[in-house]
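Spelled out, the chains give:
There are 6 protein chains.
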Amino acid sequence: MAQVKLVNYQEASPEVRAVFDDIMATRKTDYVNNIWRALAVHPPLLKRFWRQMKEVMVKPSRLDPLTKELLYLAVSVTNNCEYCINSHSFAARKHGMDDAMLAEFNEIVALANAGNRLTMGLQVEIDERFKPDQPSVLWSLKGTSKRKPTKGRPKKR
Amino acid sequence: MAQVKLVNYQEASPEVRAVFDDIMATRKTDYVNNIWRALAVHPPLLKRFWRQMKEVMVKPSRLDPLTKELLYLAVSVTNNCEYCINSHSFAARKHGMDDAMLAEFNEIVALANAGNRLTMGLQVEIDERFKPDQPSVLWSLKGTSKRKPTKGRPKKR
Amino acid sequence: MAQVKLVNYQEASPEVRAVFDDIMATRKTDYVNNIWRALAVHPPLLKRFWRQMKEVMVKPSRLDPLTKELLYLAVSVTNNCEYCINSHSFAARKHGMDDAMLAEFNEIVALANAGNRLTMGLQVEIDERFKPDQPSVLWSLKGTSKRKPTKGRPKKR
Amino acid sequence: MAQVKLVNYQEASPEVRAVFDDIMATRKTDYVNNIWRALAVHPPLLKRFWRQMKEVMVKPSRLDPLTKELLYLAVSVTNNCEYCINSHSFAARKHGMDDAMLAEFNEIVALANAGNRLTMGLQVEIDERFKPDQPSVLWSLKGTSKRKPTKGRPKKR
Amino acid sequence: MAQVKLVNYQEASPEVRAVFDDIMATRKTDYVNNIWRALAVHPPLLKRFWRQMKEVMVKPSRLDPLTKELLYLAVSVTNNCEYCINSHSFAARKHGMDDAMLAEFNEIVALANAGNRLTMGLQVEIDERFKPDQPSVLWSLKGTSKRKPTKGRPKKR
Amino acid sequence: MAQVKLVNYQEASPEVRAVFDDIMATRKTDYVNNIWRALAVHPPLLKRFWRQMKEVMVKPSRLDPLTKELLYLAVSVTNNCEYCINSHSFAARKHGMDDAMLAEFNEIVALANAGNRLTMGLQVEIDERFKPDQPSVLWSLKGTSKRKPTKGRPKKR
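Residue numbers (our numbering), protein chains in the order written: chain H, 1 to 157; chain A, 1 to 157; chain L, 1 to 157; chain P, 1 to 157; chain B, 1 to 157; chain D, 1 to 157.
Because the hints were derived from the structure by calculation, they are not lab data.
For glycine and all other residues, C-beta sits at the position ideal for the given N, C-alpha and C.
There may be inaccurate statements among the hints.
Facing chain L, a subset of chain B residues (Cβ under 10 Å, in silico) [claimed, not checked]:
{"id": "1", "residue": "Met-1"}
{"id": "2", "residue": "Gln-3"}
{"id": "3", "residue": "Ile-23"}
{"id": "4", "residue": "Met-24"}
{"id": "5", "residue": "Val-41"}
{"id": "6", "residue": "Ser-61"}
{"id": "7", "residue": "Leu-70"}
{"id": "8", "residue": "Asn-79"}
{"id": "9", "residue": "Met-101"}
Taking the hints into account, I'd like the entire structure generated from these sequences.
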């Protein structure tokens, strides 16, 4: 039972309508799903979350759209967010996921959740070779300092 | 501090050595990382977890190796398993992940964790269109029953 | 579907009725909500959980009642406890939360869940300046020991 | 790095000493471990948490001490609480857990975490036969009401 | 061990320096803490996360700064994010939190985590009175539809 | 709403039927519950998960069947997996759990979730005495190395 009234397009303010329009245009649909209608009770939140979703999930990047949806879904399954599992499974199917891939995906998510606990339960220490050997100068103050940043051979962490 | 003594190759039983050998052969390395040496305190567990890992993560399937590693990593970050984050970031880098992709990946994981809570906090109900309309006969008893399985028009859930 | 029968006031033992009475008197209501009726199947549990809830959430303290409810709710949203989200949103509204505040609250909870994962995923190390420099004597044995507790300049951790 | 100064026995107030004494007497040891020394910065919290721990984990009940420790540990592994994993593995070993049992235990915890995600990811619906058929009167108001509680055939949920 | 090289002010691009400058100006400090230096490996991520943090946590709103920090901290404790617990405890202390308030805060977070599990474990159903009775028109399509939106007495969910 | 069609015995492939038959024979029932019918959309997953469940939960081991069910349930409650809570409470009741034991069990799970957060929130450091002092040779390469494994006095970690 939603904790807030879902906002309808017809009753929405121009500010909210603009976001709804952008959602529908971006997704090439005339449907705005419930999460956006709920967020619309507080337009600044609606605008911020849509902006992020668009920049992170929609804008072309190094990861392809199906991979992005599967990553979002992996988190949602681990957190048991029912709405998110339903909406992002729907999205992943649009990007080509079928039943067999869904099953494979879920087995990886399950295995990772299992492996995480075996590692935690046994308190296994990180192998030296896994540790990134990032050179790093442990100092980030702005230039007013006289201390010169380490050069040539930056301090190893 | 590991809760059990890590088993060394030299002191391992033939049963454990066989798994260690298979790990090294499968991964084309002469190194066995700590989680496997910890699991070796109980050989049946070592064998089962390695078998699963090999079948799910190594065997070719619909999802490519980098995507699998990223999915494993998405779960590990959500659960905050330090060992797993280190070992699977290492593995993902071997499969081509660089700093920019790691950053993109983490932003998706962060966004999904955020989106999950917005949806939970507002208790948004699932849109009808997201619900899979799977025909299903709600009966799974073995054939001793006289009741015929629904045919033609299976009951919609 | 509750795993136990919810206990009714009419059928409750005197021990359980006493707790129900205290709940109603403390909250100035004649309604006992479902969680208490479920806990009543095991009176010692009912008594203990109500005692804690009263001591921690009801008794006046440094944090005001609305802040306490919002903190409880932040945990419940992060854990996705539907009952708790519904009951503590209800309580927070009684203490003055409206839709806009609920939206702000959920954005903070979402942002924290996102920020947590960015930090975990990148495995960022704690800045020295964040570490509390608590003087501490790493020894808590009772007085039978002859070793004198460190004085004057307690050992730094 | 603890967020508060750990309280020492020597510097503790009589109120705190009384709890420390009870912890040591109950556990037949002269050592008070760090969590209690941290909680001691706020004596009401120290008293409440120790009282619960004693009532729930120490007092004889239907579940034996080792089972209780393993249940506490299963939660701690799932939540990845390092301190708790270390302290309750230590306690479980005192109650007879050895390496093989620890391995078995962790495999169950890992399997449950995996099974949870398979079930969540596939959004499997609860079988009718698993639902407890608890008769319940959905009304808990105190006796001032004239409405008679349902009798004989209580309303099924 | 951070998965990426922490970026220093001196070596930062103008784009990154602009964010670092804004962080320092907003917080009236000449220090940029590690999470921002890590995010700087991918400037678009750095800019987005700082923008959100500033809009949600810094900009004046209905919730006061200490309450916001405590909410962020409640999530971080529940998720066991060590970096976040350290950095936001530090921030909360700046806004007036002392040891006693920290203890109270943690007891509420602990109680909520306990209450969440009692409710989940017993699978308690939501009381009717907690359910928001939000009028809602279950239709959000844009105006191309001929169907008139429900008016006057919107359909109750 | 299940994300996949639940497979019926009548329509199942011989491969799937063999697993269903084994489930029914092992459990001495003629009922196959929903999770297995969902997993059957991808027979390799069905076979793997059933094999694990049988090896870990059914095969006699050091932990008795009720303890195993309670451990599985403790994880499921902590993760809030409704299906799992319902099915494993059902299983635990078959192994003798009654309402009072269920209440005790849930109080332990709740207490552990609370204690985990008190410990995390205060960032308490692990007591030296809890740390296992496992002798360990930090080297696991296969025998090609000339370096002899440490003997007699293995390096302490």
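Hints, one by one, checked against the model:
1. Met-1: holds, 6 Å
2. Gln-3: holds, 5 Å
3. Ile-23: violated, 13 Å
4. Met-24: violated, 14 Å
5. Val-41: holds, 8 Å
6. Ser-61: It holds, given that the least Cβ distance between Ser-61(B) and chain L is near 6 Å, below 10 Å.
7. Leu-70: holds, 6 Å
8. Asn-79: holds, 5 Å
9. Met-101: holds, 5 Å
When held up to the earlier numbered hints, the structure conflicts with 3, 4 and fits the remainder.
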